[in-house]
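*Asks:* Spelled out from the first residue to the last, the chains are:
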Amino acid sequence: MSKKRFRIEDISKPSRQFQHVDRAELMPLPAPLDDPSQEPEWTPLSEEACETYEASLDDTLLLNIPKPASAEEEQALVVKFLSGLEKLFDPDNNWPFLRQLVTTIEHCANCQTCSESCHIYEASGQSPIYRPTCRTEVLRRIYYKYLVPGGKYFAKWRHGDIDLNWTAVARLGELSYRCNLCRRCAQTCPVGCDNGLVAREIRKLFSQELGIFTPELHKNGAVLQLARGSSTGMNSLVVKDNVEFIDEEMEEKVGYKVETPWDVEGADVLLIHNAGEIMAWPENPGAFSVILNAAGINWTLASEPVAYDSINYGLFYDDVMLSKVVVRHAQAARKLGVKKIVIGECGHAHKALTVIADRVLTGELNIPRESSMTLLRDIVMNDMIELDPSRNDFPVTLHDPCNLVRLMGVVEPQRQILRKICPHFREMTPHGVDNYCCGGGSGFAIHSKHNFEEWRFKVAGRKKLSQILGAFQDCMDPEVNKYVCAPCSNCKGQIRDILKNYDLWEKNHILYGGLVELIVNAMVDVPPGFLEWRWQ
Amino acid sequence: MDLAVHLISYASIAVFLLAVVTRFLRIQRYPINLRWEVYPVPSEGARSRHGGSRLEEVDWWEKEQKKDHVTEMRHMIPEMVFLQALFEHNRKLWLRSFPFHFGLYLLAGCGGILFVAALLSLAGITLPALLLSGAGLVGAVGVVLSLLGALGLIWMRFFDKDLVPYTNASHVFNLVFFVVALGLLVLACREAAWDIGAFQAYVESLLRGDLSRASGGPWMQAALIVLSLLVAWVPLTHMSHFFVKWFTWHKIRWDDEPNVRGGRIEKLVQQALESPVSWSAAHIGADGKKSWGDLAVEEMEKE
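Just so you know, the protein sequences line up as chains A and B, in that order.
Positions 0 to 535 (numbering that gives the first Met the number 0) are the ones given, in order, by the first sequence.
Positions 0 to 302 (numbering that gives the first Met the number 0) are the ones given, in order, by the second sequence.
The hints are simulated quantities; they were obtained by calculation from the structure and are not laboratory data.
Careful, some of the hints might be misleading.
What the hints assert, rightly or not - Here are some, though not all, of the chain A residues that point toward chain B, as calculated from beta-carbon distances under 10 Å: (1) Leu28; (2) Pro31; (3) Leu32; (4) Asp34; (5) Glu38; (6) Val101; (7) Tyr152; (8) Trp156; (9) Arg182; (10) Gln330; (11) Val359; (12) Leu360.
Remember, predicted model here, so these are calculated numbers, not experimental data.
Just so it is clear, CB atoms sit at the ideal spot from N, CA and C, and this is done for glycine as well.
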């Protein structure tokens, strides 16, 4: 269907493809990627995928809802969806987000102000299904027509028409996974509605009622974490072994003994890393150990299952899973008797454990929690370690993880550090709370099935790519090493994938990494060259 | 007819008040929601200039935190009066929406003065004629602005590519309702020879309960009926956002109230955690009796 003839109600009408994003319509990029013909065409979804799953929303596929084998199966999905929708509006079943949901569903003026703020909508060349309002409008019409008394007679007139069928439900589920949940749209709404929240509520309905989710988030994510201790699959023994290995690596690099403390009872700080860092970017937890030891902080990691992994994928799709992980983190901290929990470089873990958990944890489980950004800022700004900024004599820009910055208000600490230790620090445009998502938000960075990775690059990550290129326009020469600082594991994964996809390390020497690596790179008692300018 | 006009006005005011109170209480009585702020939060004071929060401080829970209501008002007033967010993010809509809303504010201001004048008149005090004329002028400007705004919004609902797919019959109906009501108000003013005293007299008769008092000529009666119905209609629609914004902005977006051990929030959270859960996906493990608190501490079965 063309953009011009787009109608909300057509989401119920079966077709081969509801919307297509043409390569030529994608948002233009700055140099050196300013030639649109260099952008590869979409890899089409396989015939098998299209035959097996509901794959008619757009050019990609994430949720893998199997096509129904019978009319009964079709109907069963619809009935269950309606039952879940009812629970979304029930104070017992949805107390965590009922107020936010109701105020958005009932009071949105459909003014479309939020659309322009959405990086996905903009990058796609304004594909109508990627408007933040689109999925909300579908849900609103279904709600008023099928759940509100009299809806059959008046809803069409008052709220617009829609037919509820299997196609509409399956496409709506898939559509909820075309939003990074960055909530930039909510920031611009004159009424205060939150269409980002609605995307999450739809995901939640699918998970908590229909048992439909992506295996990356659920089975291989939250469930694995709760069952084994970490979504990486590491149990307590393995994680301790791996960290020991990291300590040895660090020792070789810094020239003195580095020991990461475990299970120190009564420690001032329980640090919780995103365990993905231990596997994929070991220099990050290693750098934390170097800094905290050098600064004389009384700190520890916890080997209790779940407590060595700050990941909480429930934040992206399921309130119950979210609560379970939050409680396990707090229980471990209570058991050790630590004074506070500090969260490592992971944006969504920050949001889940500091802000969301604030209204889940009560009594003795309500242990103080804070960001590592503030602790690091105090260490750096109070000269608790000796630093030589000239060691970071290269252009550095900062990515603002949405969960940490727009959704928690932790904006300045990381900047104060960078201004002090990176003489060539430059901001992206826009930045701070007005930042754009990396495109990997809400867990997308760990999803690559079918051709979803392409969608992450071409659409979801396009705006961030444009910002990164914009920040380095004056130094694109590959002779100049450049560093994108992303103090978030998920964002780092997405930025790694984008840079790799567009060959920006090979051609322009743009590298990415965390914040602590830059701090250790500037530490005077560490031999120069902690940062290794090589792709990893 | 005069009796009918008065009764419709009374009924409409009652519906308005009832609808506002009911909706407000319904949302207010929901269980406490999880924190869901979007920064900047102006009550954070100086930090809000860069969008920061108390979470930027080490050991933030040990430091005294006061909400900066002055900075909050500095953000709220431009938002309420000038529709700041719309101005910044959707200028083409603001050009129509601002005159529409601002015109309504002026009209409400005029109505407020008429109400005060009528109240004082009951006490035998007469407001200076200049003040009443001024109120009339404010009202007239309000009518013109709102009419232009409403017509502009109708045009956008029909022809703007962004709005068309999201426009339903009620959007158009609501705006046409305003245009008709405001248009009738203009005709009523002309019929009353642009004398604001005619409107003051009607407000006075409403306050006195003088149902048989003449409400004016046919245009005046039509205007009063349609305006009354409009007043009743607004809080029954999404236009109730005029007061629901208090929740969306203050209780959600700018909530920013931490849960302190033994405090008010903790009690509300504990209550909410006792709510029974009936979500039916297998991994939830709910049975309609187990509470959120039970499920949060329940071990996960291996799948």
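*Asks:* None of the hints should be skipped; say for each whether it holds.
*Replies:* Going through the hints against the structure:
With a cut of 10 Å, the hint placing leucine 28/A at the interface with chain B is violated, because the nearest CB-to-CB distance is about 24 Å. The restraint placing proline 31/A at the interface with chain B is violated, with a minimum CB-CB distance near 31 Å, outside the 10 Å limit. With its C-beta approaching chain B no nearer than about 28 Å, leucine 32/A sits outside the 10 Å limit, and its interface hint is violated. With 10 Å as the threshold, the beta carbon of aspartate 34/A stays out of range of chain B, its nearest partner Cβ sitting at about 29 Å, so the hint is violated.
Using the Cβ-Cβ criterion of 10 Å, the hint placing glutamate 38/A at the interface with chain B is not satisfied: the shortest such distance is roughly 25 Å. Given the 10 Å rule on beta carbons, the hint for valine 101/A holds: about 7 Å separates it from the nearest Cβ of chain B. Because the beta carbon of tyrosine 152/A sits about 13 Å from the nearest beta carbon in chain B, more than 10 Å, this interface hint is broken. Evaluation of the tryptophan 156/A hint against chain B yields a held restraint, the C-beta minimum of about 5 Å falling below 10 Å.
Taken as an interface hint, arginine 182/A checks out: its beta carbon lies about 6 Å from the nearest beta carbon of chain B, inside 10 Å. The restraint placing glutamine 330/A at the interface with chain B holds, with a minimum CB-CB distance near 8 Å, inside the 10 Å limit. Taken as an interface hint, valine 359/A checks out: its beta carbon lies about 7 Å from the nearest beta carbon of chain B, inside 10 Å. The beta carbon of leucine 360/A comes within 8 Å of a beta carbon in chain B, closer than 10 Å, and the hint placing it at the interface holds.
Hints 1, 2, 3, 4, 5 and 7 from the earlier list are contradicted by this structure; the remaining hints agree with it.
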